[in-house]
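Residues per chain are reported as follows:
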Amino acid sequence: MAIYTRYWILFIVALTAPFHDVSAGHDSHQGLLVFLNGGPVYNQVTSEDGIQENNFILGTDIIYSYLKGDFRFLAEYILSTEESELERFQLGWQADEDTIGWLGRFHSPSRYWNSAYHHGLYLQTSITRPLVEKFEDEGGIVPTHVSGLMLEAMHKLQGTAGFQTTFSFGATSVIGEHELEPFDVLDARSGHEAAVDLRLAYLPDQLGENQFGLLLNWSNMVVDGNHIAEQQGLESVEQGSVGVYADWRKQDWRILANLTYITNQMIKQVQEQTDSFSAVYIQAEYELNQDWKVFGRIEDTAGADNSEYLELFPFAVLERQMLGLRFDFYTNNALTVELSNVKLQADEFGQAWLQWTAVLP
Amino acid sequence: MNPVRAMLLCCMLILLSMEVAAADRQVVLVAASTSPLHNLDSLELRKIYLGFIVKRDGEIVKGLRNTEDNNLNSIFLQTVVAMSEKSYKNRLLSQTLRQGIPRPAEYDRIENLSAALSTKPYSVSYMWKDDAVRSSKIKILRVLWHQN
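From first to last, the protein sequence lines are chains A and B.
Read in order, the letters of the first sequence are residues 1 to 361 in our numbering.
Read in order, the letters of the second sequence are residues 1001 to 1148 in our numbering.
These aren't lab readings, by the way, just hints derived from the structure by calculation.
Take these hints with a grain of salt, some might be off.
[To be verified] Below, a list of computed lysine-lysine pairs in the DSS-like style, where the Cα atoms sit at most 27 Å apart:
1) Lys-1047/B - Lys-250/A
2) Lys-1047/B - Lys-1086/B
3) Lys-1055/B - Lys-68/A
4) Lys-156/A - Lys-1055/B
5) Lys-293/A - Lys-1055/B
Model the full assembly from the supplied sequences, consistent with the hints where possible.
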């Protein structure tokens, strides 16, 4: 049922929305963006590791937006060789120039990377995402989708500076059979508990992209069919996270960094247990010229060895050292190559990615 | 008069008139002549073209892009948004992706742009002053750039 609904939505959007940004009457406006990506990934592993050696990923991410007066609608649908999912479905109301409220399914505001790029791979420089920024179905260890209410407000400070507050409350993920499973508006089931997210950001230029800030999240995740969790006698996890981040550009350089402390209250059949760990990453990007960009990222996780929570995710990348190169060509096309050394809980290997990305129109 | 001297004089006059014409070149911010908009400051204009919300009388002010010629586009990028073409394009994509705000509509013919402004009273655009003066449907809000 759900899969047919998904394809019907895609079909209807494709039929009704033209392939350009168009004006739809004097006070309304709609737009359609299609992000495309494709390319191989090679993992330097042996067949006993349980990890696929070669894979080829193809994907498309469709964003439809509609604006009429103070009303806004935004939908993001991803269709790829790995998944088919309605990622975002948001109805918005612009209260004033600097405040907007959203109702629906959206990306958790306490994950900065996701709030900046969502699934638009063309816009992010690297191919891979750091551990705390990964989506649930890509091996993520923290919830990245919320279904509920979100409020975004910009407070003007002296000069051009601004202070941005984003708050959300809604249904979070459950700990599913193989991964965290967010609330799916097309396949709604009970069992999803609450999450609260808050992002506080300082922007020296409120119209710019440079910023640093604080990220807070609390989520209550119920176990729903996860074998490892059942072996642990785990019923639910109350997870809290506190993070700081910075996204800073200066001349040809850009630094994107995040440090997150995560604590998990593991609620078991007979007892409760707390474990915690920290994840950090720093990504540096340098523009050689208008078309070429070189970048690298270091990721690390402290306290992972003692975390029962992380045992639920045996393929989580706990450490990564990565270098990459991106080439922008033609209009809205890019080719990226990325070489990494990655470390999981029980394995360490090399990884190579090649990816073409584009955006239409 | 010596024909060579006359020709040189003509050339000098033509060059001088071209110089005067070039020195008068201005890019202006425009709206429909019936528009209730009076003026927008530089910050508001930058907000509009970067996909942020600016309101007048409770209505959202929209920016329409004039892509008729490359010089005008360069002046717009330099004067209004202060970004390279590539950075600006990526910023607009980000705004659509993050906020669901569609990118500004683009017009590569001045007639179409004038017609669009006429039907959208809370919209603004930019054009060469000569073009704005010629059209009765358009009013000039202010000068954005003038050639030194």
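(request) Kindly indicate which numbered hints from before are broken by the structure, ordering the numbers from low to high. (result) As far as the earlier hints go, only 5 is violated by this structure.
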